[in-house]
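Asker: Protein chains in written order, with the working numbering: chain C, 497 to 1044; chain L, 497 to 1044.
Just to be clear, a hint being listed does not mean it is correct.
Which copy? The list can't say, so a pair holds if one copy fits it or any two copies do.
[Stated by the list, open to error] Below, a list of computed lysine-lysine pairs in the DSS-like style, where the Cα atoms sit at most 30 angstroms apart:
no.: 1; residue 1: Lys872; residue 2: Lys972
no.: 2; residue 1: Lys562; residue 2: Lys872
no.: 3; residue 1: Lys927; residue 2: Lys900
no.: 4; residue 1: Lys562; residue 2: Lys764
no.: 5; residue 1: Lys909; residue 2: Lys954
no.: 6; residue 1: Lys927; residue 2: Lys909
no.: 7; residue 1: Lys576; residue 2: Lys972
no.: 8; residue 1: Lys972; residue 2: Lys562
no.: 9; residue 1: Lys705; residue 2: Lys764
no.: 10; residue 1: Lys900; residue 2: Lys579
no.: 11; residue 1: Lys764; residue 2: Lys579
no.: 12; residue 1: Lys571; residue 2: Lys909
no.: 13; residue 1: Lys900; residue 2: Lys872
Source of the hints: derived by calculation from the structure; they are not laboratory data. On a predicted model such as this, the values are computed, not experimentally measured, just so you know.
Protein chains: 2
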Amino acid sequence: MNPPHNGAEQGARPSDRVDVYDTTLRDGTQREGISLACEDKLSIARHLDAFGLTFIEGGWPGSNPKDAQFFERAKDIEWKHAKIAAFGSTRRASLAPEDDPGLRALLAAGTSVCTIFGKSSVQHVTAVLRTTLDENLRMIEETIAFLRAHGRRVIYDAEHFFDGFALDRSYATETLRAAVRGGAEVVTLCDTNGGSMPWQIEAVVAEMKAALGHPLGIHAHNDGECAVANSIAAVRAGARHVQGTINGYGERCGNANLCAIIPNLELKLDLRALPEGALRGITELSHYVAEVANLSPDDHMAYVGRSAFAHKGGVHVAAMRREPASYQHIDPALVGNAMRTVVSELSGRGNLLSKAEEFGLDVPTGAEVEVLEQIKEREARGSSFEAAEASVALLLRRSSPGYKPPFRLLDFKVIAGQREGVGTFAEAMIKIAVDDEVVITAAEGSGPVNALDGALRKALAPVYPAVRDIQLVDYKVRILDGRDGTSATTRVLINSRDAHRQWSTVGASTNIIDASWHALADGIEYGLTLAAREPQQYTSTLPASEVA
Amino acid sequence: MNPPHNGAEQGARPSDRVDVYDTTLRDGTQREGISLACEDKLSIARHLDAFGLTFIEGGWPGSNPKDAQFFERAKDIEWKHAKIAAFGSTRRASLAPEDDPGLRALLAAGTSVCTIFGKSSVQHVTAVLRTTLDENLRMIEETIAFLRAHGRRVIYDAEHFFDGFALDRSYATETLRAAVRGGAEVVTLCDTNGGSMPWQIEAVVAEMKAALGHPLGIHAHNDGECAVANSIAAVRAGARHVQGTINGYGERCGNANLCAIIPNLELKLDLRALPEGALRGITELSHYVAEVANLSPDDHMAYVGRSAFAHKGGVHVAAMRREPASYQHIDPALVGNAMRTVVSELSGRGNLLSKAEEFGLDVPTGAEVEVLEQIKEREARGSSFEAAEASVALLLRRSSPGYKPPFRLLDFKVIAGQREGVGTFAEAMIKIAVDDEVVITAAEGSGPVNALDGALRKALAPVYPAVRDIQLVDYKVRILDGRDGTSATTRVLINSRDAHRQWSTVGASTNIIDASWHALADGIEYGLTLAAREPQQYTSTLPASEVA
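Just chain C, with the same shape it has in the complex (with noise of 0.2 angstroms):
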C-alpha cells in the first residue's frame, strides 16, 4: 500500500524529503516543569504550523480533558502546512477496538492523522501490558485498520523498539508488521528509554527498512546525550519522518531536538525537511516556545542559541575578523541566528564599532576610545559587559552629543531587618533628578532591591509612562573573588523588557544595595530612551532573537 504523502514541496526529490513530527505540545510537556493551558498549546500549534512543519502532534484526547478540547479548538483553525495528529494507544487486551474508550475519544478529535502506540518489547508485553505476545500483535492490526476504516491516516509509534529488538528481534519485528497490515503509512522506531547509541539505531533502522520495505520514522530521547545525533543516523539508514520536540523538551533528559535536527537535516545532510526559506525563522521558533513554556531560552544551544555563534577568546575575535568562517561552522543568517562578539575587557575598539552597528547607533569620531576606557575602567571594578548590552549601547549614547539622559540619581537608602513578630520588612527612600526637579520619594518591598525598583518607578511615571511597560524579568547576582567573603565585589545583571524587546545591564559595587541600584536605573534609562523613539526604528537594535 502506498499511503497518501503530505509536503514534499518545492520539487524535491521523494528521497530528499524528511517529514518533519512535532510532539512538544504531547511528549514535550512531560518535561518536569512545563504545563501548558489550551491557549498556550494553540498559539504554539500556529507558530509551528507557520514554521512549516509536516506534523503536529496536539495531544492525547484519551487521557487528558484539556487536550480534547485543544482538538475542538483546532478544528476551526485553517492550517497552513501542518496535518494535526491527535496521540493514543492500541485497544486494551480483549476490547473491541469500537468498545474502547481511548479510541472513541481520538476518533472524537477529529484529525486526519492518529497516531498510535503499541509495545514491541516482549517484557513490556508481559510484565506491564500482561497480555499476550499474540494479543499484543492483533491489538496492534486491529486499532490500526480500525481508524483507517474512519477515514484516518495512521502513525505507528513502536515504543521501546530498540531495547525490544535486543531482546527478540523476531517478535519486534512482528509488531511492525502486525502495524504495516493493520494499513499504518509510517512506522516510527522510538528509542523511548533513550540509551541506544548511534551505530545500534542506524544498523536496526537499516535491518527494519530492508525486512520491511516500507516507510520508517525515528523517535529519540535524549538520555545518553545522542537523539540528535541518533535521529540523523536512522535519516541516514532510510528512516524519512522524524519526531522530537523544539528545544529538546521531554520527560527526563528530554526528547530529540528538532532545532538541532532540522538544520543539521537540511544543512549538513542536503536534505529538505521544511518548506523553501522557512529554515531562518528557527532561532525565533525556539525562542517563542521557550517563553510560552516559561522556561528561560538556552542560550548555548546549538544553531538557535543566543551564544551559538558568540565569539569571546581574543585569538577567536581576532582570526573572525581575518576571516569570518574561522570559527563558525555555519553562516548564522541560515538558521536567523547572528554573529555576536563578546563585549569584555579583552576587546578592541574593532568589537565596539561592531557592536555600535548592531545597535544602528552613530558613534562621533574617535568616541569610541573613550567608552572603550570606560568599559575597561568599570570591568577593573567589577563590572562585566558581555552580558549586559544594554550597559555598553547606553556608554555609547552618553558619548553622543545632545543626547539627554531621562533621570540622574542623587541619593538612595535602604532599610532592611527582621523584627520578632513583625517579620521582615524593606524600605528604599530615592532622590532623582527628573528634567532638573528633585523627585524624593519612598516605598516599600518584598526586600531592598524590590522596594528600590518601586520606589524609582513611583518617581519616574508622572514624567515618563512609559515605564509602567518596563518590567524586570530576571536579577542575577555575582560575587567576585569570593575570598573577601562578604566585603566582596557584587556584580548584579539585570534583564528588563518592555512589549517589544528584552535587554541587560549591569552594576558592580562592594555594596550588593549599590549595585543593583546601578543595574536598575541603567535599565529603566535604557528602556526609556527606546520607548521615545519610533519602535519599528529599534525593533532590529537588537538580534530578532532577542525579540519575544
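For chain C, the structure is supplied; the task is to place chain L on it using the hints.
Answerer: Just chain L, lined up with the frame of chain C:
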C-alpha cells in the same frame, strides 16, 4: 616512539582504557558568563583529581596571568590521579622556540604535561596565521621537540582538523606527522567549529589511525548538538584519549560533555575511563562544578541531571511500579543519581541517616524524620542543601537533646545607601541572645552583609573568642525563578573556614539581606560548635578535597 602511559589501573586491557582529558578550566571558561577565580580553579582541579580523571588542563599560562598563578599554586599540591597539563600554541612564525614568550611561560608553569595546539587547515595557515605551509609544519615539530627536550610529555591538539582535512587532506595529515616527529605522545583531532557529524568523525579518525599508527585523541564541540556522539564515534574508530569539559561548558554551544561521555564509555561501550567505582561520583561532581561556576545545574542533563531519572507521566509511573527498568536505560545508582517520581519528593530517611553517619553525629531515634520535614519545607521555600552540608549538620545537631545553640538571633536592621558627596555606606544593628543575655550592637561595613557580619562577630567575641578564627571565604547568591525580577526568592550560600576546615551554609528569602543573615549565622554557629570539640575529631567531617 612509545610514550609513557598514564593510568591504566585495575588491570584493564590497554585497548579498553580511555584517557579522559578535562579542559573545564581552560576551554570551559570560554563560555559566555563563566569567570573563575584562581581559588575556584584550584578547588575544581582537586575535585577532578579526586574523581579520577587522567589529565586536567589548568589553563593557558602564556595568555593570562591568572592562569600562571594557578600553576604556581598547583605545584604545591599532591595530585592523586591526574596529571596537570598546561596549554599553549606552537611557536610564532620565524621565531626560535627558546625565544617564544608563550613557550617560556609554558615551561615556567612546571607541569609534566604540555598541550600544544597548531593549525591543520591550509586556510587557517594562510589567512589567519599568515605564514607558509612549510613554516607551519616546522612550527609544530620544533615546538613539540623543544618541550620534549625540556622533559615534558606533549599532547598535540590539531585545531580545525576535520575542516582542514576536508579542504586538503594531504596537508592536514602532514601536520599530524610533524607532531609525531616532534614527539607528541597523543595527537588529538579537534572539531574546533563543532559542526561535524558522527559518521564524518568516525571515517576520518579511522583513516588517520591507519595512516599514522599513533595514539589519537578527539576534541569535539557541540555546534550541531552532536559533540557526545562525535566523541564516542572517534573512540569507536580507535581514539583512546577524549577531551571535554564538565557539564559541556565551553564557547558558543559548549565543548563535549564529559558527564555524558564518561558514562557512555563505561556503560555503553564497556571501556574503562575511571578508577573502579568512581563513576558513582559523577553526579555530585557535575553539581559541584556548576555550583562553583555559579551556574544553575541543568536538570535535564543526561545521567547527572536532577530530572534524568524523574518520572512524571502517569503511564510511566504506573509501568515503573510494575517493572523498574521499563523507562530507565540504566540503574541511576551507577552514576550516583536516583530515580524520582515527580509528584512526591521521596528524599528518604535513609539519606539523612547516612548523612548523620558521615558527620559522626548521634541522632536520636526518629529525629531524622523531623529533620527531613524541615529540609523539605525549607527546600520548598528556596533553600538547597546539596551544597550546604553544614546547614544539614546543624539541623541534625539541633534535633539532638542537650544541644544548646551558642546564640539565638532576635532582630536585625540594615541601612545602606548613597549620598552625594559622601558616597556609599552600610550599617547594621543586631539583637541576639548569648547565654540568655540579650546583646544589641552595631557595625559598619563595605556593604550590608559585611556590616551584619561585623556586628555578629562583635556581639559574640567576648563570650566566644573562637569566632575570631572563623573566616568567610566565599559568598554566592543565586536568584531562583528569575522571572519574578527583584521580588524573586534569593538563595545565599556562604563558605566559612577556620584553621582546619571549610564548610558551607545556606539561607533563602525574598529579601537578600535576610537570606544572607541566616546563612551567615549558620556558618558561625557551625564553626563555634566545631571549635567547642576536639579539632581532630572533626577533621574528617568534610571530604579532604573541600578544605582549601
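Asker: Against this structure, judge whether each hint is valid.
Answerer: Hint check results:
Taking the closest pair of Cα atoms, Lys872 and Lys972 come within 30 angstroms of each other both inside a single copy (21 angstroms) and across two copies (24 angstroms). Proximity of Lys562 to Lys872 under the C-alpha cut-off of 30 angstroms is restricted to the inter-copy arrangement: shortest distance 17 angstroms between copies versus 40 angstroms within a copy. With identical chains, the CA atoms of Lys927 and Lys900 are at most 30 angstroms apart within one copy only, with a shortest distance of 18 angstroms there and 47 angstroms across copies. When the C-alpha separation of Lys562 and Lys764 is checked against a cutoff of 30 angstroms, the pair qualifies neither within a copy, at 39 angstroms, nor between copies, at 39 angstroms.
For the homomeric pair Lys909 and Lys954, the shortest alpha-carbon distances inside one copy (15 angstroms) and between copies (24 angstroms) are both at most 30 angstroms. In this homomeric assembly, Lys927 and Lys909 come within 30 angstroms of each other (Cα to Cα) both inside a single copy, at 9 angstroms, and across copies, at 22 angstroms. Taking CA atoms no more than 30 angstroms apart as the test, Lys576 paired with Lys972 passes inside one copy only; the shortest distance there is 29 angstroms, against 36 angstroms between copies. Proximity of Lys972 to Lys562 under the C-alpha cut-off of 30 angstroms is found in both arrangements, the shortest distances being 21 angstroms within a copy and 25 angstroms between copies.
Taking identical chains as interchangeable, the C-alpha atoms of Lys705 and Lys764 lie at most 30 angstroms apart whether they share a chain (23 angstroms) or sit on different chains (25 angstroms). Taking the shortest Cα distances, Lys900 and Lys579 never come within 30 angstroms of each other, neither inside one copy (47 angstroms) nor across copies (57 angstroms). For the identical chains of this complex, Lys764 and Lys579 are intra-copy neighbours only, at 26 angstroms inside a copy versus 38 angstroms across copies, given an alpha-carbon limit of 30 angstroms. For a Cα distance limit of 30 angstroms, the shortest separation of Lys571 from Lys909 qualifies neither inside one copy, at 46 angstroms, nor across copies, at 48 angstroms.
In this homomeric assembly, Lys900 and Lys872 come within 30 angstroms of each other (Cα to Cα) only inside a single copy, at 24 angstroms, whereas the closest approach across copies is 51 angstroms.
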